[in-house]
Amino acid sequence: MKDEQKGAPRTLPIQSATFSNPINAEIRRAAATGIYDIRGGGAKRKLPHFDDLLFLGASMSRYPLEGYREKCETNVTLGTRFAKNPIQLDIPVTIAGMSFGALSGGAKEALGRGATLAGTSTTTGDGGMTPEERGHSSKLVYQYLPSRYGMNPDDLRRADAIEIVVGQGAKPGGGGMLLGQKISDRVAEMRNLPKGIDQRSACRHPDWTGPDDLEIKILELREITNWEKPIYIKVGGARPYFDTTLAVKAGADVVVLDGMQGGTAATQDVFIEHVGQPILACIREAVRALQDLDMHREVQLVVSGGIRTGADVAKAMALGADAVAIGTAALIALGDNDPKWEAEYNALGTTAGAYDDWHEGQDPAGITTQDPELMARFDPIEGGRRLNNYLKVMTLEAQTIARACGKNHLHNLEPEDLCALTLEAAAMAKIPLAGTDWYPGKPGTSY
Amino acid sequence: MQTFDLEAEGLRALNATLHAQSAHTNQTHWQIINPKGSHAIAVGLDAPIEVNIKGSTGYYCAGMNKQATVHVHGSVGPGTAENMMSGMVVVEGDASQYAGATGHGGTLVIKGNASSRCGISMKGIDIIVHGNIGHMSAFMAQSGNLVVCGDAGDALGDSIYEARLFVRGSVKSLGADCIEKEMRPEHVAILEELLERGQCDAKASEFRRYGSARQLYNFNIDNAY
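Chains A and B supply the protein sequences, listed in that same order.
Here the first sequence is numbered in my numbering, starting from 1 and rising by one per residue.
Here the second sequence is numbered in my numbering, starting from 448 and rising by one per residue.
If you are wondering where the hints come from, they were derived from the structure by calculation, not from laboratory data.
We treat Cβ as the ideally placed atom computed from N, Cα and C, and that holds for glycine.
Be aware that one or more of the hints could be misleading.
Here are the simulated DSSO-like cross-link-like pairs (lysine-lysine), alpha carbons at most 27 Å apart as the crow flies [what the hints assert, rightly or not]:
1) A:K340 to A:K44
2) B:K558 to B:K501
3) A:K46 to A:K442
4) B:K628 to A:K195
5) B:K513 to B:K558
6) B:K513 to A:K84
7) A:K84 to A:K249
8) A:K71 to A:K392
9) A:K249 to B:K483
Coverage of chain B stretches by chain A, computed from C-beta distances (three or more under 8 Å per stretch; other residues unrestricted) [said to hold, decoys possible]:
10) 546-552
11) 565-572
12) 617-623
13) 630-643
In isolation and in its complexed conformation, chain B is listed as follows:
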C-alpha cells in the first residue's frame, strides 16, 4: 500500500505519480490522505490500480478514469467520474451534480444520494445510486444504465436516447420523450447484474424501467416549445 499525503505533496505530484503507473505496475494499491475537498483528484488514470481516497473531494474526482478503481471514503463534489471510459468509481457518501456526466464506460457506484443532472449525456457508463437522484438526471442520456434505488427528481431522462433507467422509488416527473417501459426478463437480468456490481441488496422486481419514446429522434417542428 502506497500512501500519498495530498496536503503535503500537492495535486500535481499526486496525478503525475498515478499517471506514471503502467499496466504492469506492482504498486497497485494507493491511499490518498488529506484530500480536504480538493478538485481534480485522481483524474485521467489509466492503469489497473486501486486508489482509496480517505475523505471528501471537490470537483471532477476520478474524471476520465480508465481501468482504475477509485474508492472515495467520503462525499464528492460536482462531476465525479465525468467522461469515465472504464474501471470503477465507488463513493461511500453523497455526490454533487453531474455525477458520471458523459461517461463512456465503467461503473460508478454512489452509496448515498446524487444531486441534479446525474448521468447527464451518459454514453455507455453504468451508474448505480443507492439513494435518491436530483432533477434533470439522465438528460440526453445516450447509452448505458442508470439504477436508482431511491427516488428520482423532476424531468428524469429528458430528451433521452438509448440509455436504460431503472428506478425503485418514485419519479417526480419524466422529461420530454421519456416514458415508462415494460420490464422484460432480459431487463431483469441486466438489472440483477448491475445491483450485484453496485453492492445493492435491492430486488430487481421492485424497479420500474424508463427509456426513450423515440419521438424526438428526427426533427419535428411540432415537438418544439
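Chain A on its own, in the form it takes in the complex:
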C-alpha cells in the first residue's frame, strides 16, 4: 500500500445479494459431498402469506358482535356431497397427515389425543394406521397414498374418512423417502420391507393415472366402505383451479389444498423451495373452481401450508376455505424445535427453530425419531394437552376476529372483510390493496 493511501476511507466489504453466505455455503457443501441437500419441513423462503392481509373489522357499515357474550360458532361438517357419514368437527382446524415412521408412535398418539380433546380430526400418513393413533383419535382420516404401505380394507373401514393423496405442497409431483435410520423393526413390519433400508414412496399411484381412472378408484373405495366415508383428495399447490375442478369431477367430497409452506418429512431442499405455489395464491383459485361448478360449500375445501395462528385460520376461511389443516405448527406445539434442547441442536450443527433434519432420526425432542431413548423423552399425554391448548387458542383467536367483523360463525367470514398490505398479496388473494378498491387483475380495471 502506498504511503498516501494509509488512513484513507475505504469501501466496506459488500456481500453479494445473489451469492449470499447461505448460497455460497450450499455451493461448498455440494462441491464437497456431491449430493443434494435433503431436509424436512416446508419452504423457508419469505413468501407472500396471510401476514400480508388484514381484517377491516366492523364500523358504520358493519355491526360487531360482543367479544365474550355473543355466540360465534366454529363447527364444520366435511363430506356432505356423497358420504353417508360426514365428519362433524367442533373446530375448523384439523391435523394434517404425518406418517408413523416419520413420527414416533408417541407423537402420533399425542396428535390423536390433542385433536380429540379439541373436537377435531387427525390424519394418518405414509406408513399405515397404528392402533395407538386409532385408539386415541375420535376422528381419524386414513391417507391413501401411492406406496400403499400398510394399506388394508380393515383399516379403511375403521377410518372416519379417506384422503387420497395426489400431492403435497412441499413437493407437488414428488415422492418421498424414509431413510434407513428411521426404519425400526415396527416400521419395517408395517411397510412389508426389511429393516434399515431406505423406503421410497412413489410419486404417483400404482393403479390409476388420471382423473378418469381416479373416478373409478373412488367408486371402488366407496363400494368397499359401503359409501359411508367422506373421500378427500389432497393436492399440492400447483394448478389449484384445474386441480380442484378435476378433483370434483373425480368425485371428491372434500378437496385438501396444501401450499408450498406445508411440511414434508424429507425431500430435496431444491424441491421444497422451488416447486409449487404459496397457499395465499391458491385459495381463491380453488374457490373460483368450486363456484364455477356450483360446488362451493357442497364440496368442502381444506387448506394447509403455513397456518400458525387464529388469524391465519380466519383469513383462510374468509378467502373461502371451510377448514384448515396444520402439520408443522402441531409439531411445534408438541415440542419440536423447543429451545430447551438448544445444546443438543447445537451438537447436531443447528439451532432450535432451524432444525429440519427430521429424516436422520436424531430429533432431541423425541418426536421425529424411532430411537427408543429419544422417544422416551416425549410424553404423549402432555403432548396431547399442549396440542389441545394450542388448538383452543387458535379457535379463540379466530372467533375474536370473526366477532369483530360481525360474524356469528367462522364460515360467515368473507373476502370483503379483508384488505391487502402488498400488491403481491392483493393480486394472489384477489383482495383490494389497503386504502383502495383495487387489486391487480380485478375485472373491469386496466393495468
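With chain A's structure known, arrange chain B on it following the hints.
Chain B only, in chain A's frame:
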C-alpha cells in the same frame, strides 16, 4: 348356488350382498351374471365364499379381497385383485394393467396374458400368469412371488425389493437393480408349489429366477439418473 344379475340389480346391491356374508354363511357359492365390463365388482370381500363371474369385468375386480375365491370367466380390466390380502382370484382370460398391484397376500392366477405393471409394488401376493406380462411389471415389488410362464416385457422388476420373479420365457429387459439369480433347490420347491397352485403344467426347471441386486437399498447419489 346364489345367482346375482348385475345388470338387473346393480353394483351397490351386489357388493352389499357379498359384504353381508359372514364367516359362517351357508351361501358359499355365488354366480354373477351380466357383468358387462362393470367396474369394482366383488370388491372388499371378507368371507370364505366362492364367486363366479360369468363374463368380463372392468377396473378393480376383486379389489382388496380377503378370504374369498373370485373366478372370472372372461377377461379383467385394470387393477384386478389390487391390494388383495388373502384368498384367490382366477382369471380365465387376459388381465389389463396393474394386475395384483400392491397385493399383500393371497393368490392371483391369470390364465391369459397380463398387461403392463403386473404386480407393481406387490407386498406379499403370489401372482401366476400363464401367458406373457407387459413392461414395468413388478416395479418396486416388495415381497411375494411373480411367476410368468411366457415372456416378460421391458424393465422387469425395476427398483425391486425382496419379491421373487420366475420367468420361463424371454425377458425383454431388466429394470434398475433387478438381476438374474441362482435357482437353488429351495426356489425350485417354492416354484413347484406355485405352479401347482396356479394350475400350470410347466416344469420348474424351465424357469429362471430374478430378484434384487440390493444396490438401491440405501440412497447413493451415483445411482441417480
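Going down the list of hints, with the structure as the test:
Straight-line distance between C-alpha atoms of K340 of chain A and K44 of chain A comes to about 22 Å, which keeps the hinted pair within the 27 Å bound. Distance check on the hinted pair: K558 of chain B and K501 of chain B sit about 15 Å apart at the alpha-carbon level, within 27 Å; holds. Straight-line distance between C-alpha atoms of K46 of chain A and K442 of chain A comes to about 25 Å, which keeps the hinted pair within the 27 Å bound. About 22 Å separates the Cα atoms of K628 of chain B and K195 of chain A, which keeps this hinted pair within 27 Å; it holds.
Between K513 of chain B and K558 of chain B the alpha-carbon distance is near 21 Å, which keeps this suggested pair within the 27 Å criterion. In summary, the hint linking K513 of chain B to K84 of chain A is supported, as the alpha carbons are separated by about 24 Å, within the 27 Å threshold. Proposed proximity of K84 of chain A and K249 of chain A is supported: the alpha carbons are some 19 Å apart, at most 27 Å. Straight-line distance between C-alpha atoms of K71 of chain A and K392 of chain A comes to about 16 Å, which keeps the hinted pair within the 27 Å bound.
With a C-alpha separation of about 24 Å, the suggested pairing of K249 of chain A with K483 of chain B holds against the 27 Å cut-off. Counting residues of the stretch 546-552 of chain B whose beta carbon lies closer than 8 Å to any beta carbon of chain A gives 3, which meets the minimum of three for the stated coverage. With 4 residues having a beta carbon nearer than 8 Å to a beta carbon of chain A, the stretch 565-572 of chain B meets the requirement of three or more and the stated coverage holds. Coverage of a stretch by a chain is defined here by at least three residues with a beta carbon nearer than 8 Å to that chain's beta carbons; for the stretch 617-623 of chain B and chain A the count is 0, and the condition is violated.
With a cut-off of 8 Å between beta carbons, the stretch 630-643 of chain B has 0 residues touching chain A; three or more are needed, and the interface restraint is violated.
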